[in-house]
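A.B. asks: Given next are the chains, with one letter for each unit.
Protein chains: 4
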Amino acid sequence: MSKLKAIFLNASLKSTEEPSNTEVLMNKIQSHYKELNVDSEIIRLADYKIALGVEENMGEGDEWPKIFQKVMAANIVIIGTPLWLGEKSSLATQVIERLYGSSGETNDKGQSVFYNKVGGVVVTGNEDGAKHANASILYGLSHIGFVIPPNVDAYWVGEAGPGPSYIDAGQENEFTKNHVRMLAYNTMHFAKMLQNTPIPAEGNTMV
Amino acid sequence: MSKLKAIFLNASLKSTEEPSNTEVLMNKIQSHYKELNVDSEIIRLADYKIALGVEENMGEGDEWPKIFQKVMAANIVIIGTPLWLGEKSSLATQVIERLYGSSGETNDKGQSVFYNKVGGVVVTGNEDGAKHANASILYGLSHIGFVIPPNVDAYWVGEAGPGPSYIDAGQENEFTKNHVRMLAYNTMHFAKMLQNTPIPAEGNTMV
Amino acid sequence: MSKLKAIFLNASLKSTEEPSNTEVLMNKIQSHYKELNVDSEIIRLADYKIALGVEENMGEGDEWPKIFQKVMAANIVIIGTPLWLGEKSSLATQVIERLYGSSGETNDKGQSVFYNKVGGVVVTGNEDGAKHANASILYGLSHIGFVIPPNVDAYWVGEAGPGPSYIDAGQENEFTKNHVRMLAYNTMHFAKMLQNTPIPAEGNTMV
Amino acid sequence: MSKLKAIFLNASLKSTEEPSNTEVLMNKIQSHYKELNVDSEIIRLADYKIALGVEENMGEGDEWPKIFQKVMAANIVIIGTPLWLGEKSSLATQVIERLYGSSGETNDKGQSVFYNKVGGVVVTGNEDGAKHANASILYGLSHIGFVIPPNVDAYWVGEAGPGPSYIDAGQENEFTKNHVRMLAYNTMHFAKMLQNTPIPAEGNTMV
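Protein chains in written order, with the working numbering: chain A, 1 to 207; chain B, 208 to 414; chain C, 415 to 621; chain D, 622 to 828.
FYI, nobody ran anything at the bench for these hints, they're computed from the structure. Among these hints, one or two may not hold up.
[What the hints assert, rightly or not] Calculated pairs, DSBU-like style, for lysine-lysine (alpha carbon to alpha carbon, straight line, at most 35 Å):
#, chain 1, residue 1, chain 2, residue 2
1, C, K480, B, K221
2, A, K14, D, K691
3, B, K399, D, K624
4, B, K273, C, K463
5, C, K591, C, K419
6, A, K70, D, K635
7, A, K192, C, K484
8, C, K428, A, K192
9, A, K34, A, K3
10, D, K798, B, K399
11, C, K428, A, K28
12, C, K428, C, K463
13, A, K14, A, K70
14, A, K192, C, K523
15, C, K606, A, K70
16, B, K316, B, K221
17, B, K384, B, K399
18, C, K606, B, K256
19, C, K448, A, K109
20, C, K480, B, K273
21, A, K49, D, K691
22, C, K606, A, K5
23, D, K687, D, K626
24, A, K109, D, K691
25, B, K316, C, K428
26, D, K691, D, K813
27, D, K635, D, K655
28, B, K273, C, K428
29, A, K5, C, K419
30, B, K399, D, K649
31, C, K606, A, K109
32, B, K212, B, K316
33, B, K241, D, K730
34, B, K221, C, K417
35, C, K523, B, K221
36, A, K66, D, K626
37, B, K277, C, K448
[Said to hold, decoys possible] Quick list of simulated restraints, FRET-style, between CB atoms:
#, chain 1, residue 1, chain 2, residue 2, range
38, B, P272, D, P821, 35 to 43 Å
39, D, T818, A, S31, 56 to 64 Å
40, B, N403, D, K624, 17 to 25 Å
For every residue, glycine included, the Cβ atom is placed at its ideal position computed from N, Cα and C.
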């Protein structure tokens, strides 16, 4: 069996010159992955020029195809996002749009190309909105072919109103730590299970 | 001008024998209303037998019509709810269903019976989910004829994970206090405005 | 291996005396299950007195525990709902609340009692709202321990505005038929996979 | 009284070289506005380079400030969006982010700069998702200071599954036509009402 690979798509609105709360939370998951012998990489989406649209390749200057190659090579795909007005970021929305653009593509058995890949979600925000973002992202992934194991939503938000961010106030939160752990283990368990036993191509091929 | 009336529909899953966090937050709004000369009343929905369905009156034993009479007599209608898994309560969902059941009724000008009424929302939860509940409830009200003034969403939620409730941990939150105040004043301002100048029956009557 | 069992929780607001669009769509999935040797049963929730609250057993008169026993005995749990104002029904919301009430219970390995169970969703409505209901229900299930295979959201909604229902206008919809098929096969594939290889109790036990 | 101005922010992923279903639906509203003596303009957001971030001006190359000036000059602001996987577009999400970036700014009375402006929403999609997008956009606007009159959500979506778009299949839909009319009249009525009687600066100033 080849080594499992996870890719994190960080939909922070900030490029890598600036610290990202979402990325620090992703790092905690990476620590587990290291112990579990899962390779992982974080893509900071704001570093790329991702074209608007819903085609696999929107043409000249579109850097999505580079990212999509990494998605295709991964067993585990985790989308991470900050929150504004209780919603996932525009970049997170765009990632879903671009993934959706390839949802008509099939693997060699005729299933969606995303079959046998495992999805998860990471959210950080000063306050309220995580569960709504979790639901939206996990549903989008599930609808286009990803498997959603139990407890693959790791998030931190603070008390209602403006306040400190995850980096400053959330790193010791036990609930969040538990969800980080469950996300890491369950994405790994399912990726391994699907590597051993891919989803049979029966009743789920595209027509 | 007759005195303004506000009704609070508390969709807590608990009946009045038990304390309700949502009700304590509603009480803060009532304090403002008292100063502003607005009459108000809280209905604890769990005290009533509200039948399943989407008719105005579901027949024998249905206690919704009693509540609906009070809604009809009010200038301001505020729905309050706790949160479970990031969603408004089943009773809050049911209130929207029952209000929707009367959305085909018209006033004497041919507009929805809810025209010239002002809506608002109150949410309390141990953690995450308020904005999603706010959006759902305010949209439901707006779609059936209520006016939604700015800043009529008063809520408190704690940090991610299990934790103390509004009564124990939220009453001093400044953000929540500000939203309580804005909700009270803006529902009052708009109710008064609409009492003086009802929405003209032009372009908005039912066909 | 024992025969797989699926339970459908139909959150229609109508009791079995009246036809349910959601149930007719569930019947299509049952046809597949029959061929696939999966036992299935539909519970019409409106036939039961389900108490408000978030405890496993809310005491005298609460009929939820009867339903919950069947949930516990099933490999596959599918929640079905109609739509009002773009939202799942109050009964669907209540099912999630009651399931949540048992989310702290563990199996003999220390995982959530819902581990190794597979979730899915069925929605019918005259118009718009299915994906929002899908996302909410699948996320709720996933967060408390269910596995969500790809493409387990079968729905039908008509064009914007009032219009005919699934029974009258949706039964020939090819998209819906495909999703019915994928839901049936993928819930079965994953239930079998988890029967053979339960999720290892590593990194995902309750603390 | 100066003539009322409406601005439409079209969050189609396509630039003006391509036809937009959302824009055709906006055009229907413009026809009403012409009769009602309301000036209006459509901004195709995909024609602009809008920087990622939540500041009023993200610096060099950011074209949002040009758009924001028009928002500030308008009495009515209508956001329009297509749907992907049941969600508003990434550009619609970005518009909310950028508007939010100015939500701390105040008018000369100390209220949010968006006070006395009226919001509305327009959605087109091949299928399902409109109400969820409506709720999200109207709530976002309301939370930062806009007034939401009743019935300001005009949308068209087709039957479940892939299918024709608004331009080809939705223009004769009576429900959509009624909502176009109600949106046009009610945004106008409220903009006029607020021009005559601005929201009193009592209880709603920023602290």
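A.B. asks: Does the alpha-carbon distance linking D:K635 and D:K655 stay inside the 35 Å limit?
C.D. replies: Holds: D:K635 and D:K655 sit about 26 Å apart, inside 35 Å.
A.B. asks: Check the hint pairing C:K523 with B:K221 against an upper bound of 35 Å on the C-alpha distance.
C.D. replies: holds (34 Å)
A.B. asks: When you check the alpha-carbon spacing of B:K273 and C:K463, does it fall within 35 Å?
C.D. replies: Holds - the C-alpha atoms of C:K463 and B:K273 are around 22 Å apart, at most 35 Å.
A.B. asks: Going straight from one Cα to the other, do B:K399 and D:K624 come out at no more than 35 Å?
C.D. replies: Holds. B:K399 to D:K624 sits at ~25 Å (cutoff 35 Å).
A.B. asks: Verify the proposed pairing of D:K691 with D:K813, using a straight-line Cα cut of 35 Å.
C.D. replies: holds (18 Å)
A.B. asks: Has the given pair, B:K316 with C:K428, been kept, meaning a C-alpha gap of at most 35 Å?
C.D. replies: holds (34 Å)
A.B. asks: Are the Cα positions of C:K480 and B:K273 separated by 35 Å at most?
C.D. replies: holds (32 Å)
A.B. asks: Holds or violated: are the alpha carbons of A:K14 and A:K70 at most 35 Å from each other?
C.D. replies: Holds. A:K14 to A:K70 sits at ~21 Å (cutoff 35 Å).
A.B. asks: Just to be careful, I want the Cα atoms of B:K277 and C:K448 compared with a cutoff of 35 Å; is the pair within it?
C.D. replies: At roughly 51 Å apart (the allowed maximum being 35 Å), C:K448 and B:K277 break the hint.
A.B. asks: For a C-alpha distance cap of 35 Å, please report whether B:K273 and C:K428 respect it.
C.D. replies: holds (22 Å)
A.B. asks: Next pair to validate is B:K384 with B:K399; report whether the Cα-Cα distance is within 35 Å.
C.D. replies: holds (23 Å)
A.B. asks: So if I understand the rule, the pair passes when the alpha-carbon distance is 35 Å or less; does A:K5 with C:K419 pass?
C.D. replies: With Cα atoms ~34 Å apart, A:K5 and C:K419 stay inside 35 Å; holds.
Of the numbered hints stated above, those contradicted by the structure are hints 8, 11, 16, 18, 24, 34, 36, 37, listed in ascending order.
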